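We have chain A; now place chain B onto it with these hints.
Protein chains in written order, with my numbering: chain A, 1 to 274; chain B, 1 to 274.
Hints in this document: simulated from the structure, not taken from any laboratory. Here the structure is a predicted model, which is why all the values come from computation and not from measurement. Be careful, since some hints might not be right.
As the list claims (entries may be wrong) - Non-contacting residues of chain A with respect to chain B, defined by C-beta distances greater than 12 Å in every case (computed):
#, residue
1, 53
2, 59
3, 60
4, 98
5, 104
6, 117
7, 139
8, 164
9, 212
10, 243
11, 247
12, 255
As the list claims (entries may be wrong) - Some residues of chain A that are not near chain B, with every Cβ distance over 10 Å (derived):
#, residue
13, 51
14, 78
15, 103
16, 203
17, 227
18, 261
To be verified - Where chain A lies over chain B, by a calculated footprint (3+ residues, C-beta under 8 Å):
#, segment
19, 141-154
20, 200-214
21, 226-235
Positions of the beta carbon are idealized from the N, C-alpha and C atoms, including for glycine.
Number of protein chains: 2
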Amino acid sequence: MSHRAPKAKTANRLVVLGGEGVREAGSVWLVGAGPGDPELLTLKAFRVLATADVVVHDGLVSDEILDLAPAAARRISVAKRKSRHSYAQDEINRMLVAFALEGLTVVRLKGGDPFIFGRGGEELAACRAAGLDAQVVPGVTAALAASASAGAPLTHRGAAQSVTFVTGHAAHGEPDLDWPALARVNQTVVIYMGLTTAGLIAQRLTEAGRAPATPALIVVNASRADEQRLPTTLGQLADVAAGLSGPALLMVGEAMALAQANEIPDAILARVSA
Amino acid sequence: MSHRAPKAKTANRLVVLGGEGVREAGSVWLVGAGPGDPELLTLKAFRVLATADVVVHDGLVSDEILDLAPAAARRISVAKRKSRHSYAQDEINRMLVAFALEGLTVVRLKGGDPFIFGRGGEELAACRAAGLDAQVVPGVTAALAASASAGAPLTHRGAAQSVTFVTGHAAHGEPDLDWPALARVNQTVVIYMGLTTAGLIAQRLTEAGRAPATPALIVVNASRADEQRLPTTLGQLADVAAGLSGPALLMVGEAMALAQANEIPDAILARVSA
Numbered sequence: 001m002s003h004r005a006p007k008a009k010t011a012n013r014l015v016v017l018g019g020e021g022v023r024e025a026g027s028v029w030l031v032g033a034g035p036g037d038p039e040l041l042t043l044k045a046f047r048v049l050a051t052a053d054v055v056v057h058d059g060l061v062s063d064e065i066l067d068l069a070p071a072a073a074r075r076i077s078v079a080k081r082k083s084r085h086s087y088a089q090d091e092i093n094r095m096l097v098a099f100a101l102e103g104l105t106v107v108r109l110k111g112g113d114p115f116i117f118g119r120g121g122e123e124l125a126a127c128r129a130a131g132l133d134a135q136v137v138p139g140v141t142a143a144l145a146a147s148a149s150a151g152a153p154l155t156h157r158g159a160a161q162s163v164t165f166v167t168g169h170a171a172h173g174e175p176d177l178d179w180p181a182l183a184r185v186n187q188t189v190v191i192y193m194g195l196t197t198a199g200l201i202a203q204r205l206t207e208a209g210r211a212p213a214t215p216a217l218i219v220v221n222a223s224r225a226d227e228q229r230l231p232t233t234l235g236q237l238a239d240v241a242a243g244l245s246g247p248a249l250l251m252v253g254e255a256m257a258l259a260q261a262n263e264i265p266d267a268i269l270a271r272v273s274a
Numbered sequence: 001m002s003h004r005a006p007k008a009k010t011a012n013r014l015v016v017l018g019g020e021g022v023r024e025a026g027s028v029w030l031v032g033a034g035p036g037d038p039e040l041l042t043l044k045a046f047r048v049l050a051t052a053d054v055v056v057h058d059g060l061v062s063d064e065i066l067d068l069a070p071a072a073a074r075r076i077s078v079a080k081r082k083s084r085h086s087y088a089q090d091e092i093n094r095m096l097v098a099f100a101l102e103g104l105t106v107v108r109l110k111g112g113d114p115f116i117f118g119r120g121g122e123e124l125a126a127c128r129a130a131g132l133d134a135q136v137v138p139g140v141t142a143a144l145a146a147s148a149s150a151g152a153p154l155t156h157r158g159a160a161q162s163v164t165f166v167t168g169h170a171a172h173g174e175p176d177l178d179w180p181a182l183a184r185v186n187q188t189v190v191i192y193m194g195l196t197t198a199g200l201i202a203q204r205l206t207e208a209g210r211a212p213a214t215p216a217l218i219v220v221n222a223s224r225a226d227e228q229r230l231p232t233t234l235g236q237l238a239d240v241a242a243g244l245s246g247p248a249l250l251m252v253g254e255a256m257a258l259a260q261a262n263e264i265p266d267a268i269l270a271r272v273s274a
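Just chain A, with the same shape it has in the complex (with noise of 0.2 Å):
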């Protein structure tokens, strides 16, 4: 037992929901951020945002947006690195937990939306655990904002009956995927974080049984002032992909024929077509 759980207890018993009683632990507010563009942003986490006294961000959250929390809020990012100490979730869980015990209104802020690849789940059980109050806000979460951009519908009349969010990240060397219900017709599968491992979705698919021509697109930064569109095929992701970095979906399927480019490099351009 940590020195914190009695603590926990305390304010638990003290927290007086909808009386007049005093209140004496804070709030955890999980807020998605939206795909990057601060316009999209939904009111409500504007205002929220607006009441904070501490900011725990990922590194998806721009400047712009951290600028929209007061300027006495304590910011704090627990975006993932490479190169030096990244916050496990369990530290990240500990830390909401902490601050909200304290008395503070605690804005746990992520791109997207917190329920969609946010790992927003956990750290709602670590608050409910603690006997808090958690509310989660949701956001636009990326694949809207791109393929709102792109004007390809993730649904559409005789191409995309359904969509499917998966993420390309591989825990174990592989995205652990059902690829036969994937390779589906009249469907869209959108792949978060698939940059990397764009080549071997590709195969996979493939062998399942989509066609190479399939209709694809991948997008990086969604709706930043840096975005990139990139509509493709299924058979050339892997080559389109290769090169580019960056947050990044991966969409695939036959209603990603409407998509349309904003930007394709020269470089890429001379890879897909040597």
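Chain B only, in chain A's frame:
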């Protein structure tokens, strides 16, 4: 050829993008209004709505949100109605184009996100075919709001490695869905517009191997003041759905075990426990 085609051509020639020339044609914005709570509008949707000359909206868009458009803006409901004339999609497409060709700023305001079961792709295609400047503003789709308020993540370590959005709407008697794929464990399946086909959906998923004990959640009127969250199981889904009405989501998957109810009407409790 309609008499409108030559007009479109003329207008098209006069559109000067990024220049200083005369701009005669208006513009079309396909805007996601989010799930219902006006606070779940994005800042961008809020800004664009305030520029509207005409708002063409679904029945799901609340009066509170419509009030954010200028008082002088014309409001046109194209809600689906059973008892009287409904606009066909084709009529809506032509309406958007016709207003924009008159030089108006047209906001097509849709519940949720325009590109998730919103038929936004068809409207965008019609605008593009008329040579119009059309842009899409993404919105918080209902599934994100429902999972946020229930505290049940759509993806969750060890419980849901992916999430799929499908529609339960059946054009020909039965939804045309990939039941074996949807019946796999370790994923969340969200069925939009599935209330009337809940029994069939539960039966097909169970036949395809999904355990009747799989956690499920029904959310009616997500994010609105009258939101109802009903945690249940796949085996009980049809019983809980019976008698509910309004815009609803069925959500099936292990992560729905984390969902918190807000209210279970006595009538439903009685039916389920009978």
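Verification of the supplied hints:
| no. | hint | verdict |
| --- | --- | --- |
| 1 | 53 | holds (21 Å) |
| 2 | 59 | holds (19 Å) |
| 3 | 60 | holds (16 Å) |
| 4 | 98 | holds (21 Å) |
| 5 | 104 | holds (21 Å) |
| 6 | 117 | violated (5 Å) |
| 7 | 139 | violated (7 Å) |
| 8 | 164 | violated (4 Å) |
| 9 | 212 | holds (21 Å) |
| 10 | 243 | holds (27 Å) |
| 11 | 247 | holds (16 Å) |
| 12 | 255 | violated (7 Å) |
| 13 | 51 | holds (13 Å) |
| 14 | 78 | holds (17 Å) |
| 15 | 103 | holds (22 Å) |
| 16 | 203 | holds (19 Å) |
| 17 | 227 | holds (13 Å) |
| 18 | 261 | holds (14 Å) |
| 19 | 141-154 | holds (count 10) |
| 20 | 200-214 | violated (count 0) |
| 21 | 226-235 | violated (count 0) |
Of the numbered hints given earlier, the model fails hints 6, 7, 8, 12, 20 and 21; all others are met.
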